[in-house]
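Residue numbers (numbering that gives the first Met the number 0), protein chains in the order written: chain C, 0 to 360; chain E, 0 to 534; chain H, 0 to 355.
Think of the hints as simulated: they come from the structure by calculation, not from any bench. You may find that some hints are simply not true.
Think about it this way: if two alpha-carbon atoms lie no more than 16 Å apart in a straight line, the pair counts; the simulated EDC-like pairs of lysine to aspartate or glutamate are [said to hold, decoys possible]:
1) 275/E to 312/E
2) 277/C to 136/E
3) 325/E to 270/E
4) 277/C to 312/E
5) 118/E to 136/E
6) 20/E to 68/E
Computed from a predicted model, the values in this text were never measured in an experiment.
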Amino acid sequence: MSRVKTALHTPWFWAIVGIALLLLINTIKNPAYLAISVNPTTGMLTGNVLDILRVSAPIIMIALGMTFVIATEGIDLSVGSMMAVGGAVAMETLSALNAPTSVGAMFAAIGLALLLAIALGAVNGILVAVVGLQPFISTLIMMLAARGIARVITDGQNTNATNEPFRQLANGQILGLPTSFVFAIAIVVLIAVLMRRTALGLMIESIGINPRASRLAGIRPRPILIGVYVLSAALAAVGGLFSVSEVMTVSVSGTGNLMELDAILAVVIGGTSLAGGKFSIVGSTVGALLIATLNKTVLFLGIPAAATPAFKALVIIALVLLQSERVRSFAFRRTTSADTPSGPATPAAGESTPVTKEVVA
Amino acid sequence: MTEPTAIVEVRHASITFPGVKALDDVTFRLLPGEVHTLMGENGAGKSTLIKALTGVYQIDAGEIVVDGEPRHFTGTASAQAAGVSTVYQEVNLCTNLSIGENVMLGHEVRGWAGINWRKTHARAHEVLARMGLGDLDPHAPLASISLALQQLVAISRAMVTESKVLILDEPTSSLDANEVEVLFGVIRRLRDEGVAILFVSHFLDQVYAISDRITVLRNGRFVGEYLIEDLDRAQLISKMIGKDFESLRALGSNRQTELRDRSVPAVFAAESLGRKGAIDPTDVEVHAGEVVGFAGLLGSGRTELARLIAGADRSDTGTVRIRGKKVTLNSPVAGLSRGIAYSTENRREDGIVGDLSVRENIMLAVQARRGWFRRVPAREVDQLVRTYMERFSVRPNDPDRPIRLLSGGNQQKVLLGRWLATDPDLLLLDEPTRGIDVGAKADIQETVAELAEGGMGVVFISSELEEVVRLSERIVILKDHQKVGEVVNGPEVTAESIVSVIAAESGDQAELQADALADEVAAGEDLAEQEGSAS
Amino acid sequence: MTGSRSLAETVPPIADLPESKQPEQVNRLSRLWGRSQSLVPTLAALVLLFGMLIYAEIAYGRVFHAGTMSSLLVGFAPTIILAVGMTIVIVSAGIDLSVGAVVAFSSVAGVMIMNIGVNGWLSMLLMIVFGATFGLIAGVMIQYFNVQPFIATLAMMFLARGLASILSTTPVMAPADSPILLLATDWKIVDGPKVNDFTITPGVIIAVLVVIGGMFFMHRFRMGRTVYAIGGSESSAALMGLPIAKTRVWIYIISGALAGLAAIVYTAEVGGKAQNVTGLGWELDAIAAVVIGGTLLTGGSGYILGSIVGVFVIAALRLIITKDGTINPEYLTIITGAVLLIFVVLQRVLTRRGAS
């Protein structure tokens, strides 16, 4: 019984419920929604569920990167543009190399895309950790700049290219599952292992929860902060690669457009708080799946796709309010530790009290 | 002769925070035309009482009466409207605005076309002139004048409104002697005109110079209200720390003074270590196996000195040698990597990483030393965690529980485990027994003695002087950001004698007292030696 | 203490303190310098602006040309309105990322309302109300639920943009006889030779009025001064008894309302056409204008007039780039971003140095 209780309290449990609900709605509309069949010409499996998994790959990537940035109490608004950068570099490289079957060309494209993303991510990290700018403004500027860089790389064109190995990323299958999805999950597992097998995850959480105590305990915040922004950019670029591989074209204004919203939403749904601290990789991944399902459901039900940003915004607002202190202390009158003073039970209403509520006389 | 009616009366007020009763049935009164000082040590409830009077906190029980009317302050504005003005320790003004604007903020002179700046600045000038600040240009930015002058500007602000009560919360912390005199001149003038002035300060000399009456709080409770002439310094201090003057005498030191081998370089030796605004250049040394106590009242610079030693803050002056080798300690990492561990005063803000488990909190510093890549093996972690949880009897015995759910005492023990796990050569403990139950206190004190016996150098800081006296081998006495004395502990050294040093009239006198005490101790040692060799 | 005299009146003045005398102020100029240090960044922006304009005039000619000036003013009137609102928000140490999206929603919703027959003037009023509503929600989230401003307004941005897209993804046109179009009528102020006329529109007048109103609010209203206080030190402002909560919510309401107003002016200027992709990136222009104009991103200091200079700097930048022709238009966003970054980093470095 207590296992059920723990499940109910895990935030992303509700995300899974959400996914189930959406799939149910789709099935009501078309009872054959969940069916999987074999495509006679290509010999590959097809089906709506597989489509969802395929489009979830880029979202899983940006959500993963965003998770760690948010855990340090920061934000990365440039992930959408970084996807465009990744896609632009890949397409331009492949188009320039003009080697339709070369695997080497594919690796070159991927490598270059990652390099540029890492460099740009490092810029973000340095601006935040060394110069001390607020994360939202530095990544907001990067959002602007990166899209511009993508435009410059492709000369404003929606470059397309032909390279079969690269195309297989989004269009191929491994064991019946879309290749990009398999790779995305593999990367998630890899990063999860990195975070938990080393002390990196612990240090990120520590910095996010209490930067002062972390510093006094000997943790160096700077390299870690720079690292999470580099990681976020690199993962976003990979997401961009998955995204453009679908149609082998990069859209300088379309690729990654508004995806930062999806990333933030996935992370928040997954249980990582915007206030920083403990993060949940599984949660963000499930959140990403939920968003992919939502996107596809909206299309399937014939609702204009333009409606989704508004709906997603409402969900973010609701979740953020729920996460806020005020609602938490109102709704859940938990006993906190025996003597951790946290300010008066009834702070002076109307006027806001000074920010620091110390008790020590 | 009828007693004047109080302008402010606090009747049986209580304020409770989760787990802590910050004010417990406190009754207090303030008469017009007096300077009334509020005194008390850490956790006494001074600042809570002030915040209740200024509308920042609301009282849970009791009532506050201002000028005969019971008041219910809903915020700072309503307190000000009731005639209570406050000036805080940190200058709570807006440095991005002009001097005149800061004086008049919220009360600017308005006309039909909005704020009339000419008149507003003129009024500000008027008010400033009455404070002796007539030379200041109200248009100049606040940031262009010294902190001391800013403090006076903050007080001028109180004169703009119809203040019947002026609360000064540690107003002299950043002022030098001349500036304090000017301030006191203004305060006396205001008092003579009938203003009720509530003064809060830990600088004893100033308290005795300016006050008419004193109220002492301790542990959130009202201890007593006295006329200044009826209470001498030593009595005041003993009331604040809660020990009867006579019984202080009895709390002698139990430690034997050992002859320490001074030829081995000290674990830590600093010359002229100082930081502006925090602590004057000070010499301090700690040897292996030695417990050095930092004794002094709140605000004397104890924590600031400890932070410099640990590298948590950067020093402006001074050289530091660890085992004879000169080093620069400019970050906590530098301190930790050289074997200096620092357990902070404020465990909630600087100590615990709340959402992480007990286990993670204990091994955090060890892990940080090892870097992000090499994870401390689970076996080692488990062993460390088990060792320290058992040694300090951490309750509940669940290493995976988030540390924020533990009681203060247990949190402190976990933090102690964190620092000890780094196997330091020098351990600085800043108020390790604050807010902890008696049993846990004893545990920690025992641990300190054990560690020293094992060869670790320990700096022990506590507001409870008898603790410091009981544990330390050598006591560094600090007052008003200066070291005023250093004594080797001995039977002659008691909490009372430390108190006399601190209570001395001035810095110079304090040093004289300390020297006298040191002479006593030395004489006692010689005597013991003679007796020893004679038998 | 009895009587209603203030303390200041009852306490006789004390002889002036010797140490309150400030160091010898050699001449009035240095006193003026002391008073107006926060004006320096704005003056720098002004110098930059004139530098750019002069360069453009020399390099391309026809810059100080009435026609060019007119079209710049008319084209940037909406940006000016947004910059006023953004200045107020940023001075309070906040940010509003939603203004562009609110412009989109207001314009689409407003035009659609006009098309179903509602009175033109009422519709315009409603456009302002829509904007104000978005601002109200953001303000409440920020003040009462402690949500960080960038998150709250980011969410508002997506909400507004999304709602606009739900209303219509294709452009909608206001009725041909709608009063809104009146706001775009050209008023020839100076009739110069050929096309070298100086013309403005009522939209420009509105922008000017907003600027004047903004300046008045910031410098002559207690609430405006509270904005500066909050940005300088919120805790001090609270202890001084200033109405923080009320002011903060109003700040965001004003920003939203001005976005609605900008929507009106813009829709008029483009002939009554409104679509959901309007205003993309406008918040960035507004933020850049404010930062370039000398307002500190961290709050507490800045002038509305400075932001207007900032708008013109951006306009001049656009001008130079378009006239030059050789610079790839793709570079435009990068350049704007780079300029913004330079100013933001400069602000950070200079304030850090000033603090230590």
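Hints and how they fare:
With a C-alpha separation of about 11 Å, the suggested pair residue 275/E and residue 312/E falls inside the 16 Å cut-off, and the hint holds. With a C-alpha separation of about 52 Å, the suggested pairing of residue 277/C with residue 136/E is violated against the 16 Å cut-off. Proximity of residue 325/E to residue 270/E is assessed by CA-CA distance (about 11 Å); at most 16 Å being required, the pair is judged to hold. Of the pairs offered as hints, the one joining residue 277/C and residue 312/E is violated, with about 28 Å between alpha carbons and a cut-off of 16 Å exceeded.
Taken as a hint, the residue 118/E and residue 136/E pair is honoured in the structure, with Cα atoms around 14 Å apart against an allowance of 16 Å. With a CA separation close to 26 Å, the supplied pair residue 20/E and residue 68/E exceeds the 16 Å bound.
Of the hints listed earlier, those the structure fails to meet are numbers 2, 4 and 6, in rising order.
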